[in-house]
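Construct the entire structure; sequences and hints are all you get.
First to last, the protein sequences are chains A and B.
First residue of the first sequence: 33, per the working numbering; consecutive thereafter.
First residue of the second sequence: 847, per the working numbering; consecutive thereafter.
One or more hints might be untrue.
One-sided excerpt, in silico: chain A residues whose CB lies under 7 Å from chain B [said to hold, decoys possible]:
(1) Glu83
(2) Val90
(3) Met99
(4) Asn170
(5) Ile195
(6) Val200
Here are the computed distance ranges between Cβ atoms for each label pair [what the hints assert, rightly or not]:
(7) Val103/A <-> Asn908/B: 19 to 27 Å
(8) Leu38/A <-> Arg986/B: 40 to 48 Å
(9) Leu134/A <-> Arg935/B: 35 to 43 Å
(10) Val132/A <-> Ile962/B: 45 to 53 Å
(11) Ser939/B <-> Arg56/A: 52 to 60 Å
(12) Gly130/A <-> Phe955/B: 30 to 38 Å
(13) Glu165/A <-> Leu922/B: 19 to 27 Å
(14) Ile962/B <-> Ala154/A: 23 to 31 Å
(15) Leu38/A <-> His953/B: 36 to 44 Å
A few chain B residues that don't get close to chain A, going by computed Cβ distances all over 10 Å [said to hold, decoys possible]:
(16) Thr855
(17) Asp901
(18) Gly958
Calculated from the structure, these hints are not laboratory results.
In this text the structure is predicted, and so the values were computed from the model without any measurement.
Glycine included, C-beta positions come from ideal geometry on N, C-alpha and C.
Now for the letters of each chain:
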Amino acid sequence: MFEIFLILILVFILIMAVLAVQTRDLLSSVMALGGVGFGLAIVFMFLSAPEVMTAQLVLEVITFVIMVATVYKTSKIDKTSKYSIREITSAAAMFFFGAVFLVFAIRGIKSLPVFGAPVMRASSLHIEKTLSEIGATNIVTAVLLDFRAWNTLMEAFVIIVMIVGVAVILRKKGRHGTDTEAPH
Amino acid sequence: MDKTIRILTGYVIGLFLVFGFYVVIYGHILPGEGFDGGLLIASAFILCMIVYGKDVARKRLNISTALTVSAISGLLLIAVGFLGFLGLREGHSFFLDNFLPQGDPHHLFSGGIVPILNVLLGVLVGFGFYALFGYLVVWRKDADCRR
Chain A
33 MFEIFLILIL VFILIMAVLA VQTRDLLSSV MALGGVGFGL AIVFMFLSAP EVMTAQLVLE
93 VITFVIMVAT VYKTSKIDKT SKYSIREITS AAAMFFFGAV FLVFAIRGIK SLPVFGAPVM
153 RASSLHIEKT LSEIGATNIV TAVLLDFRAW NTLMEAFVII VMIVGVAVIL RKKGRHGTDT
213 EAPH
Chain B
847 MDKTIRILTG YVIGLFLVFG FYVVIYGHIL PGEGFDGGLL IASAFILCMI VYGKDVARKR
907 LNISTALTVS AISGLLLIAV GFLGFLGLRE GHSFFLDNFL PQGDPHHLFS GGIVPILNVL
967 LGVLVGFGFY ALFGYLVVWR KDADCRR
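The following block contains the structure:
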């Protein structure tokens, strides 16, 4: 029963992802993307990972609002051209590399441990040393901010660079200055 | 927006902010950490901006101020990392070293450096995403045509 429900949600995610790529109306595309995110949050919830679930849920809401704002500010319809004869080569390349990837993926998946039976030793080290060496009770936070703090620092830098980039592109002051300097 | 939504938002938005700061501050004890709590704070500000309009929200918290606060907390994150080089714990002097004492587990002041980084990350994410949404809302497409 549990696995059937999981498979249903995964099929829903796949349908929503295809819809998000194929729809011409960008607002519907953003909504389909939100369906992907919320479906993923439900999957995390059923796999008993509340930490990742909250992050996914809240981030999905914020990205949904920001992308709706972007769509309303720019253009509402995808204006790329329809399919032409040149697409055949790229489609053939896609199928070829997809087949190659599938072969290697099947070989890799066969060597994985059974679902729900982890054999990784690094995570067991984290579980042992979290309470004795760091003192934080939440193991995920201890991993994110102490064992793997470099990773989180770089994530924070990515966020800062993204926001500063948006602020630089959408600024008001500099544009007027360059317009008065070089009239055309 | 609607009058109903305005009144309901007035009741809800404080709870939103309190819950966001609660998730940030208790991030090393309970599920959720700085990133989630920061996004909750940002969603409270964004809700204010959607419901009451951009001018009211900008009067409460200026967008460039929010970006400055976010960037400063990012710099403080690096500063706390460099404090690890001082060697306050014997035998450990490297970047982002957990130099503070552990404290009692399951209490608020525990985990050494982890709650500090949590709060800094939460402020960075919360104010930063508010600034991102604010810049997108304030921008107009025909602004550079009319000078």
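Residue hint Val90/A, partner chain B, criterion CB-CB below 7 Å: holds (4 Å)
Does 40 to 48 Å hold as the CB distance between Leu38/A and Arg986/B, or does it fail? holds (45 Å)
Does the claim that Asp901/B lies outside the interface with chain A hold up, using a Cβ gap greater than 10 Å? Given that every Cβ of chain A is farther than 10 Å from that of Asp901/B, nearest at about 16 Å, it holds.
Given the hint of 52 to 60 Å, check if Ser939/B and Arg56/A actually sit that far apart at their C-beta atoms. Given about 58 Å between the Cβ atoms, the range holds.
Is the hinted range of 23 to 31 Å satisfied by the C-beta distance from Ile962/B to Ala154/A? This hint holds: roughly 25 Å between Cβ atoms.
Hint check for Ile962/B and Val132/A - Cβ pair distance inside 45 to 53 Å: holds (47 Å)
How about Glu83/A: closest beta carbon in chain B under 7 Å, or not? Nearest chain B Cβ about 5 Å off; hint holds.
Hint validity - Met99/A Cβ closer than 7 Å to any chain B Cβ: With a minimum Cβ separation of about 10 Å from chain B (threshold 7 Å), the hint on Met99/A is violated.
Do the numbers back the hint for Asn170/A, that is, is its least Cβ distance to chain B under 7 Å? Holds, about 5 Å.
Does 35 to 43 Å hold as the CB distance between Leu134/A and Arg935/B, or does it fail? With a Cβ separation near 50 Å, Leu134/A and Arg935/B fall outside 35 to 43 Å, so the hint is violated.
Can you tell me whether the CB distance of Gly130/A to Phe955/B sits inside 30 to 38 Å? With Cβ atoms ~53 Å apart, the hint is violated.
Was Thr855/B rightly flagged as not at the interface, with every chain A Cβ beyond 10 Å? Nearest chain A Cβ is 14 Å from Thr855/B, so the label holds.
In terms of the numbered hints stated before, the structure departs from hints 3, 6, 9, 12, 18, listed from lowest to highest.
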